[in-house]
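Enquirer: Residue strings, one per chain:
Number of protein chains: 2
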Amino acid sequence: MATTMPNAAAQPTRIVLDAMGGDFAPHNEILGAKDAMQHFRENGINAEVILIGKEPEIRAALAKHGAEHLNFTVLHADEVVTMEDEPAVAFRKKRNSSLYLGLQHHKEGKAEAFVSAGNTGAVMSHSTLILGRIDGVSRPTIGTFLPTTEAYPTLLVDAGANVDCKPKHLYEFGVMGSIYVRRILGVENPRVGLLNVGEEEIKGNEAALEAHTLLKESSLNFAGNIEGRDILMGAVHVVVCDGFVGNIVLKFAESMLTFLKAKFTAFADKSFGQKLMMGAAKPALKGALTGMNYEEYGGVPLLGVNGVSIIGHGKSTPLALKNMILRAEEVVRKEVNKSIETALNS
Amino acid sequence: MATTMPNAAAQPTRIVLDAMGGDFAPHNEILGAKDAMQHFRENGINAEVILIGKEPEIRAALAKHGAEHLNFTVLHADEVVTMEDEPAVAFRKKRNSSLYLGLQHHKEGKAEAFVSAGNTGAVMSHSTLILGRIDGVSRPTIGTFLPTTEAYPTLLVDAGANVDCKPKHLYEFGVMGSIYVRRILGVENPRVGLLNVGEEEIKGNEAALEAHTLLKESSLNFAGNIEGRDILMGAVHVVVCDGFVGNIVLKFAESMLTFLKAKFTAFADKSFGQKLMMGAAKPALKGALTGMNYEEYGGVPLLGVNGVSIIGHGKSTPLALKNMILRAEEVVRKEVNKSIETALNS
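Listed in order, the protein sequences are those of chains C and W. Taking my numbering, the leading residue of the first sequence gets 1, the next gets one more, and so forth. Taking my numbering, the leading residue of the second sequence gets 1, the next gets one more, and so forth.
So that you can see chain C by itself, here it is in the shape it has in the complex:
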C-alpha cells in the first residue's frame, strides 16, 4: 500500500466549484465555499476554491454573504446546465457552461478537482467525456454512503451510473469502492459484499453469479453475497451492485425518513392524546435519527475518471457543499486515483 503523501508543497490544491450547480445556486455554493476556505485555513490545509459561473451573480452573492475578503478566484462561464437539460444535448450545445468549462479547467491541469451539485447525469457524463477514464477502468461509477447500525457507514457502489453491468464492471466497482473506503474512511481492509438474493454462492442472476467468481478470486477482502437486509446492518463496508439496483435501493432508503415522518404525523393527527405522545417522542426521534442525513457524507465521488469529480445532491445545503469541497481535497491528497490505477493494472 502506498503511503499517504501530505500535500505540503507550495502549490495549493485547487478545487473548482460549479457555482451554478445546485437548486439554490449560487447562494449555498458561496456559503459552502466560504466555510470550506475557513476550514482549510484553520486546519493548515493548503487548498483553495475557484468559483465558476456567471460572474455578476457570483460577485453579488459574495458581497451578500460577506465573503469578498476571501479573495476567491472567479471564472466566468456564460451558460448553465439546468436540471432539465438532457446531458448529451447539453454536452454538445452548452460549451460555455460552468460545468463544461470547470471540468475543462481541471483537465488542463489548472485545478486538481471539480465539485458540482448540478444535474447528476450531466456531471457524470461531462466528467467522463472531458476527464477520460483511469487506465484499467471500464466504467466510472458513483458510490454513495448509507448509514448502518454499526459505527461506520457502508458504500453502495454503483449507485446509479451504470444500469446494465457486466460481471467485470461489478468486480471493478468492488476494487474502486474498497480503495475509496480504505483511503477516505481509513478502514484497513474493507469487507466487500456482492448484493444478491441469497448468501449461497449459487444464488442470483447471471451477472451476479459470474461477478461472485471474479470477486472471490480477487485480492479483495470479499465477504461473499449479502442480502438486502444486510445493508443497514453494516455487514460489509462496500456493497457491490449494478446501478439499476443501487439507484432503486438508494432512493428507497432516502424515502424512509419521509415515510416515517408521514406515519408520525398521521398518528399525531388522530387525537389530542396522540399528539401529546408524539410531542414527547420528538426529541428522542431527532436524536436517534441524526446520522441518517446525507449532508455529512459530502457528496459522492465519480470513481474511475482521470481526475477528481465530486457530485452532490441538487438540494445540497451549505454544509453539504462545504463537505463536498473538503472531500475533493481529501481525494486529491490521499491519491485515490493512483491506488485505483495500480490495483486494476497489476
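One copy or any two copies: either way a pair holds, since identical chains are not told apart in the list.
Below 25 Å or equal to it, Euclidean Cα-Cα: the simulated DMTMM-like pairs (lysine to aspartate or glutamate) are:
{"#": "1", "residue 1": "Lys216", "residue 2": "Glu84"}
{"#": "2", "residue 1": "Lys203", "residue 2": "Glu254"}
{"#": "3", "residue 1": "Lys275", "residue 2": "Glu150"}
{"#": "4", "residue 1": "Lys315", "residue 2": "Glu199"}
{"#": "5", "residue 1": "Lys270", "residue 2": "Glu150"}
Everything labelled a hint here was simulated from the structure, so no lab data went into it. Computed from a predicted structure; not experimentally measured.
Based on these hints, arrange chain W on the given structure of chain C.
Expert: Chain W alone, transformed into the frame defined by chain C:
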C-alpha cells in the same frame, strides 16, 4: 369484469394447511387454523381447513390447544421439508412430505387451496411443478405487500421468485398483480408502475425499456416508470420489477424496523436522560409503526400456478397463519385465477 360469485354451494372450500411448515409448527399452524375456522363459522363462510403432516404430532397439538372439537380432517404425511432442504432435492427425494402430499391433494381436486409457512423456495417450486401453470402464464410469481403513506399497501411483484426476467415476464407480473389487487383489495382500476431508475420513458436497463413498451400498450392502468422513492409513498398499487430487485427491496424494507430499533436503543443507552426521552417516545412509536407488520397481509400468493398456493414467512404467528387461510379462501371465492387466465389469453 366478472361478478364475484358467493360460495354458497353445499361443497365447502377446502384448504389444506401444511401443519409442519413454519418454524413453530405444528403449534402456530393449529392455533391459526382454529382461529380461521372460528372466523369462517362466525361469518357464515362455507370453508374448512384440512391439516396435513405427522398425525401424532398434529393430534397432540390439537389436544394441547383445545381444538379437538373442531373436527379437523387430518391427513398423515411421514416426511417434512425443512428450511435447510434444497428445493429440487426435496422434490425428488421427499415424496411423502406434507408439502408434496398436500399439494397433490389439491391437484387431485380434493381441496381448493394450499397454505404453507415452510421453506419458501420449496413451496414455490413444489407448487409450480405439481399444480402447473395457468394457460398464458410464462412464470408464476410471488407478490408481497409493502406499507405506504397512503391508506392502501402496494403490491411488489415479483418479490423474489424469478431473478432473471424477460420483458414479457414483467408484463405478465403487471397483469397478475393488477388482478390480485383488484380482486383482493377491491381497488377498481389499480395503478401499475414499472420500478425503474427514472420517470422518463427512455430510462432503465434493457429489460425495463422493453417492458415499459409492453405495459404501455396493454389495457392495464399503467402509470409509467416509478422510482425507489415512490414505493412507500403509494404512488401506485402495483410495483412491477424482476425478482432480483424485488427481493433486495423487500429484504431492505424488512430491515428498516430492525435498523430503527437499533438506532433507538443506541440513543437510549447513551445517558439516563436519553433513556427517559426514549421511554416517553415508545407509545407514539408503537402506535405510528403498526401496519408495518407483515402479519396483517396474510402471506403472499404464488400467482400464476394452476391452483391456489399461499406462502407464509417461516416465523408466521398464529395470526399470520389465520390470515393466510382466510386469504386462500378469498382467492378461491373471488376466482383470481380465472381472471388471470382470461386476461392473458384475450
